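Spelled out, the chains give:
Number of protein chains: 4
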Amino acid sequence: MSLSAMQVENLIRQWIPMAEAMDLKVERIDNGHARIRIPFNNKNKRPGGTVSGPVLMAAADTAMYAAILGAVGEVAMVVTSNLNINFMQRPGQVDIIAEGKILKLGKRLAYCEVDIFTSASAELAAHVTGSYALPPELSSQATLGTS
Amino acid sequence: MSLSAMQVENLIRQWIPMAEAMDLKVERIDNGHARIRIPFNNKNKRPGGTVSGPVLMAAADTAMYAAILGAVGEVAMVVTSNLNINFMQRPGQVDIIAEGKILKLGKRLAYCEVDIFTSASAELAAHVTGSYALPPELSSQATLGTS
Amino acid sequence: MSLSAMQVENLIRQWIPMAEAMDLKVERIDNGHARIRIPFNNKNKRPGGTVSGPVLMAAADTAMYAAILGAVGEVAMVVTSNLNINFMQRPGQVDIIAEGKILKLGKRLAYCEVDIFTSASAELAAHVTGSYALPPELSSQATLGTS
Amino acid sequence: MSLSAMQVENLIRQWIPMAEAMDLKVERIDNGHARIRIPFNNKNKRPGGTVSGPVLMAAADTAMYAAILGAVGEVAMVVTSNLNINFMQRPGQVDIIAEGKILKLGKRLAYCEVDIFTSASAELAAHVTGSYALPPELSSQATLGTS
Numbered sequence: 386m387s388l389s390a391m392q393v394e395n396l397i398r399q400w401i402p403m404a405e406a407m408d409l410k411v412e413r414i415d416n417g418h419a420r421i422r423i424p425f426n427n428k429n430k431r432p433g434g435t436v437s438g439p440v441l442m443a444a445a446d447t448a449m450y451a452a453i454l455g456a457v458g459e460v461a462m463v464v465t466s467n468l469n470i471n472f473m474q475r476p477g478q479v480d481i482i483a484e485g486k487i488l489k490l491g492k493r494l495a496y497c498e499v500d501i502f503t504s505a506s507a508e509l510a511a512h513v514t515g516s517y518a519l520p521p522e523l524s525s526q527a528t529l530g531t532s
Numbered sequence: 386m387s388l389s390a391m392q393v394e395n396l397i398r399q400w401i402p403m404a405e406a407m408d409l410k411v412e413r414i415d416n417g418h419a420r421i422r423i424p425f426n427n428k429n430k431r432p433g434g435t436v437s438g439p440v441l442m443a444a445a446d447t448a449m450y451a452a453i454l455g456a457v458g459e460v461a462m463v464v465t466s467n468l469n470i471n472f473m474q475r476p477g478q479v480d481i482i483a484e485g486k487i488l489k490l491g492k493r494l495a496y497c498e499v500d501i502f503t504s505a506s507a508e509l510a511a512h513v514t515g516s517y518a519l520p521p522e523l524s525s526q527a528t529l530g531t532s
Numbered sequence: 386m387s388l389s390a391m392q393v394e395n396l397i398r399q400w401i402p403m404a405e406a407m408d409l410k411v412e413r414i415d416n417g418h419a420r421i422r423i424p425f426n427n428k429n430k431r432p433g434g435t436v437s438g439p440v441l442m443a444a445a446d447t448a449m450y451a452a453i454l455g456a457v458g459e460v461a462m463v464v465t466s467n468l469n470i471n472f473m474q475r476p477g478q479v480d481i482i483a484e485g486k487i488l489k490l491g492k493r494l495a496y497c498e499v500d501i502f503t504s505a506s507a508e509l510a511a512h513v514t515g516s517y518a519l520p521p522e523l524s525s526q527a528t529l530g531t532s
Numbered sequence: 386m387s388l389s390a391m392q393v394e395n396l397i398r399q400w401i402p403m404a405e406a407m408d409l410k411v412e413r414i415d416n417g418h419a420r421i422r423i424p425f426n427n428k429n430k431r432p433g434g435t436v437s438g439p440v441l442m443a444a445a446d447t448a449m450y451a452a453i454l455g456a457v458g459e460v461a462m463v464v465t466s467n468l469n470i471n472f473m474q475r476p477g478q479v480d481i482i483a484e485g486k487i488l489k490l491g492k493r494l495a496y497c498e499v500d501i502f503t504s505a506s507a508e509l510a511a512h513v514t515g516s517y518a519l520p521p522e523l524s525s526q527a528t529l530g531t532s
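Quick note, the sequences are listed as chains A, B, C and D, same order. Going by my numbering, the first sequence opens with residue 386, and the numbers climb by one from there. Going by my numbering, the second sequence opens with residue 386, and the numbers climb by one from there. Going by my numbering, the third sequence opens with residue 386, and the numbers climb by one from there. Going by my numbering, the fourth sequence opens with residue 386, and the numbers climb by one from there.
One chain only, chain A, in its complex shape (with noise of 0.2 Å):
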């Protein structure tokens, strides 16, 4: 039941427009892990050299949805139900990965943490946790391998 980062690449990005705008990759799913990238582009620019908030929020979002899916399969409608990003440091003109993990897979909720990074640096840009409410038909079903 669980998905492969090219199948769940492929369902974000028939799902949510704005993905595909963004060009966005899912690098990496593994065990409740995703990783993606939404590589760099002047559209995505804000003041000061660097990327918009909202960008690292859509990364950050993404990232937890992937994670989520490639542990749950294909269901759509799982759905963001808190996030808080706290912004550590602007990343110039980069690429923007984002490195989500899900902490705790429980009945209602999903619970995840995400780092961001850029590909210029080992630091974090960012650092977001967030939850995801589950569909009732799928808080019966849902395991990690492993957590």
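Derived by calculation from the structure, the hints in this document are not laboratory data. Since the structure is predicted, the reported quantities are computational estimates derived from the model, not experimental observations. Just to be clear, a hint being listed does not mean it is correct.
Because identical chains share one entry, a pair is satisfied inside a single copy or across any pair of copies.
[Said to hold, decoys possible] Calculated pairs, DSSO-like style, for lysine-lysine (alpha carbon to alpha carbon, straight line, at most 30 Å):
no.: 1; residue 1: K428; residue 2: K489
no.: 2; residue 1: K492; residue 2: K410
no.: 3; residue 1: K430; residue 2: K492
no.: 4; residue 1: K410; residue 2: K430
no.: 5; residue 1: K486; residue 2: K428
With chain A fixed as given, assemble chains B, C and D onto it according to the hints.
Same frame as chain A, but now just chains B, C and D:
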């Protein structure tokens, strides 16, 4: 030093290509408040016939930015420090309206709250709080007419 | 089914020994709102001649709990799901006042907002949002008079 | 300039009466990490045979404070700026263990993450992120051995 809704809209659309691409409107700027609108567009959808979460995050972030620019003037380098969003009700395929207000304009951080509605309902679609870091040269000057 | 301020205070002090130890007062319950007070006590200090952060968190959590109990009745097992607090101004050695309100009473989660003041100032000391998980048997019945 | 677990425990218990009242232990301080323990006590209960939410918030806040004191030395006036907590699983009547780590020690803010466990389970009881404001005189000096 404070700016009108039209001035803030022009600055944001010039500075942030994503805001231009979303056809962002700044409808009102008033004493620490800002109302912005993101017209419905098929590009902003996600499964469930609803607007994707990152569009609401972009609306919230921009409403905070607009409220702050309205209060402190043409200062590009105020940047999001933290944003926390709770999603309460899925919007349909309608305009997104974000009402931002400044809770406190401190020396180093401005704290804001944003109510997100749609053009179809008086109930909250999402509720957001966040903080923006202010540049040091600004800190000593900024004041709100009232708050 | 809704409860008075005195009833909510008695329930909370009986159920939560820490609230009793803090001499917590529920001053008002009204249509999805609650105001609680934590009298100043040297036990609640921290360096800087101020009240420690966790006391403000306890005040906020209790104000949300009181607002929900006031709305849904004597239901012990509503539990905090998420709480997000921004500290804006250090209180002095004064009473802490927390004004909680229900933003949305949903089927599975109640969303609340809390303004934290002191008895010495009209400015916010802290601002809090949070969600409480509601027990399934409650979900179908709860309503607010208005919201 | 960095402090040992015993030194940090002594400072916190001396500075914060609530930590003394909770019999707070600092079990480990190590390179931007801190582990603290709050022994189970009937004073910390709430309905459901569990520890009350504010006790977990106090544990998290103190774990962040301990990690920062461990890294920057005896500086009382670092203060919580933001704290966000997600509750994942009700602890039973057991000790609360909070593992804090510094994600980034910036000029004005230190960002931390805290995993909250109990002495009875390897699963997360709660997950916390937060930021602490650093005093200006500290900003230029603080460094982590590694992070």
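Evaluation of the provided hints:
1. K428 / K489: between (35 Å within a copy, 29 Å between copies)
2. K492 / K410: within (29 Å within a copy, 33 Å between copies)
3. K430 / K492: between (38 Å within a copy, 25 Å between copies)
4. K410 / K430: both (19 Å within a copy, 19 Å between copies)
5. K486 / K428: Cα proximity of K486 and K428: in one copy and across copies (28 Å, 27 Å).
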